[in-house]
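S.K.: Listed below are the residues making up each chain.
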Amino acid sequence: MRHKIIAAWFVLLSGFSAHAAPPVQTVPLRDMEAWLVSDYSLPLITIKMAWRGGTASDPADKAGLSMMLARLMNEGAGELSAQAFQKAMADNAMSLSFSAGRDDVTGTLRCLSQYRDMCFRLLRLALTAPRFDAEALARMKQEQMAAILQAQQSPRSIANETLMAMAFQDHPYGRTRNGTADSLNAINAADIRAHYQAMMARDNLHLAVVGDIGRAELRRLMRDIFLQLPRRTTLPKTEKTAIRQGPLSRHIEPTGPQTSIVFAQNGLGHDHPLFFADFVMNSILGGSGFSSRLTEQVRERRGLAYSVYSGTSNFEHAAMWNGAVASDNKTAQQAMDVIRAEMRRMATEPLSAERLQAAKTYLTGNYALRFDSGAKIASQLIGVQLNGWPIDYFKTRNGQINQVTIADVQRAAQLLTPDRLLLVSVGGTKITLD
Amino acid sequence: MSVKNKIAILFVVFALAACGRASDGPRIETSRLDNGLDIIVIPDFRADVVTHMLWYRVGSADEPKGKSGIAHFFEHLMFRGTENIPSGEFSKTVARLGGQDNAFTSYDYTAYFQRIAKDKLGQMMQMEAERMQKLIIQPDIVAVERDVILEERSMRVDGRPSSLLAEQMRKRLHRGTAYEVPVIGWRKEIEQLNAEDARRFYRRYYAPDNAVLVVAGAVTLNEVTALAQRHYGPLKPSGTPRNKRVAAQDLVVAEYQRAEVMADARVRQNSWRRYYRLPQYQRADKRQFAAADVLAEILSGGLTGRLYQSLVVEKKLAVSAGAYSDSSRLDNGEFVIYATPTAETEFDVLARAIEAEIDNLKNHKVSAAELRRAKRQLVSDLVYARDSQQSMANIFGRAAMLGLSPDDVLGWVDEIENVSAQEVRQAAQNLLLAERSITGHLTGNVNARKDGS
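Sequences listed follow chains A and B, in order. Note that this note's numbering numbers the first sequence so that position 376 is 372, with each residue one more than the last. Note that this note's numbering numbers the second sequence so that position 135 is 189, with each residue one more than the last.
None of these hints come from the bench; they were simulated from the model. One or more hints might be untrue.
Covered, in the sense of this in silico footprint (three residues per stretch, anywhere, with C-beta under 8 Å from a C-beta of chain B), are these stretches of chain A [as the list claims (entries may be wrong)]:
#1 68 to 82
#2 136 to 149
#3 242 to 252
#4 294 to 304
#5 307 to 313
#6 386 to 399
Note that CB positions come from ideal geometry on N, CA and C, so glycine has one too.
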């Protein structure tokens, strides 16, 4: 075994193609389909499995349920207690973990080829016979409660949670993903089992597989593991929603040298005709790190902040444009004023052709950097599926960016509403939108 | 046959297959230019991109007294204009070419990197070489960047009680050595840093013979060396030897039994941590650090680790617990143990339970199965690391900053495999010494007594 591991170090890596995205195959089996990138240059396999649902599907009085499910999916299955299951994972140098987003619960399996049989066996157990033992449940509740408390001591998390509640009000997106002390207390093992049964079905499953594995073996794995899941999800559908109209601001007082500010408005969804124009516009305004106008104006020119950004977060049932900055209590209002001035400038002043071209070469060239490891490729494959995009997205994306014109960018920028933002400030200075 | 038995049998099969001699590692190649620039190349042809890193053998530990933060401050200034690249244009150019760039500063090194399409590698070298010796340091820009860094310090440290606690703990743990000062610097001293401080620092440390070039990705050693010769070759070496460090092996932490307490109303979730000061890396027997890594894995390592098992599962005193060994520093590293207590658990009850686990490791050998599991985790982590060219560049670059060759890094696998149960026990006995440790309590109870009892 040892020299097999070492041998893994030996091979000269030479797998994926020379283009941005590697060739993706679809592997169908009955009512399922997996996206596969076979690459034999390293003895590693990465599997991403995602079910639509996520924390938005938690019942209001049991907020935090999907997070609890995610925490418990590797805490014992079949005949293996939590302890025995984790030991078996460690003995086989594998990792299997789950996380709950607002719209999905995603599992990630990473294993070395030499241990694949045991890895797949443990995956099968976890997915088809999770135990949700009382001991593990109590332990994970405490873990989740600690996460709730930790979020309450970070100004940025406090601001974000407040902003989400303000933006989405009674819609499930407005709740915190971990829930509250009360909602967590209300969750029992039967709730978690019911949620697991309702969510982890075949018709809302997405699969991405990358690495040292071919079609035939993947089909076997799908038959042995995923075909064992129920055919249909019984989760209620999350409703479409929009972000509340501003202007509206809230200030939360404590403490600290800085004021942390987050702000939001409606964004453009995937199906909006200006989606790619908006993407390019956001890159120029606040989404491209050191190259963005916000960094240039707020940080480089004025020294008002270390970090400032903006961009669109697309949820499955809503699109949110948002941004954030943290600045000294004395300069926080100035920082926010500069941000809003840049939003206006984006809408009123047409870009130069060079600036647009620079944004395009940045976005298109950068795309290849998301595909330089098996783990990253798997994330891309599952992300495109969860967005509901076709498999040729990997090939068409850069072309769609290149088609964006100066006028398109300006039109997208005109949908920004710097005077009608939702805004939350946490810190020493109450920020206004005057 | 039950699943458990099957697992047990498979395990024996793997264990039997584990005999046999380990080979050398992946193809890491090295060369050196006449001006002293070391080159490390990590070929990975899966994607047509490269990670280009330039590591300088200078960090916060090299700062003059009273000038804390200058190493990190200087790293920021490297983006603020050269003879041919105006302020802010470095990153914009990298982005326009489809790449990403950034930099980071630590106690012992400062590194700059770009991730970009392979055919842009030469241009990255040209730009990186330009700022190695043609930086322009303008007082007005220095003043703005100082504000940025003060904001960074506010965000990372002053606004976070847990970071303030760590800073105070390290100040006591490493008293009298360079590591008593935080990398980002003390606020009062950052406020005074100026252009002349930056110029002095630049002249002394930014030279090819004080740097290591690391390139990972779709390139060969020949390609990299040829490009490096062209772009970095003409640069003049400084001839300045690396600073000597204060030896601190025998320092005892004054009042080590008194916990450092950070009581802050913003804290909602208490936490406990302890730092043990490790022997000074440069002068120490390195084998004990391999044993320390195994020891940390046995203590930590998720649900199967001893700390989690004892504190969280059995005694129900904590919500999480773990440990890690950070020996990769020129001077004294740290062995860190941390735990998040449940709402009902007092700090001293928690500490006693953790100390019982440490004593157990000092008094008894670990089991063969536990030892094997820990080693397998550590060794397979390295295989997983191969998936990412950026991780590989970081691993070999950081090692080079400690004076370790790629072969030393690859040999670490053997070092780990050879650690015995007795060595793990010795590591616990020799490294986890109370008088070389400091304990910290983070609490929201603002009435907590400063002596932590």
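S.K.: Of the hints given before, which are not true for this structure?
M.R.: 5, 6
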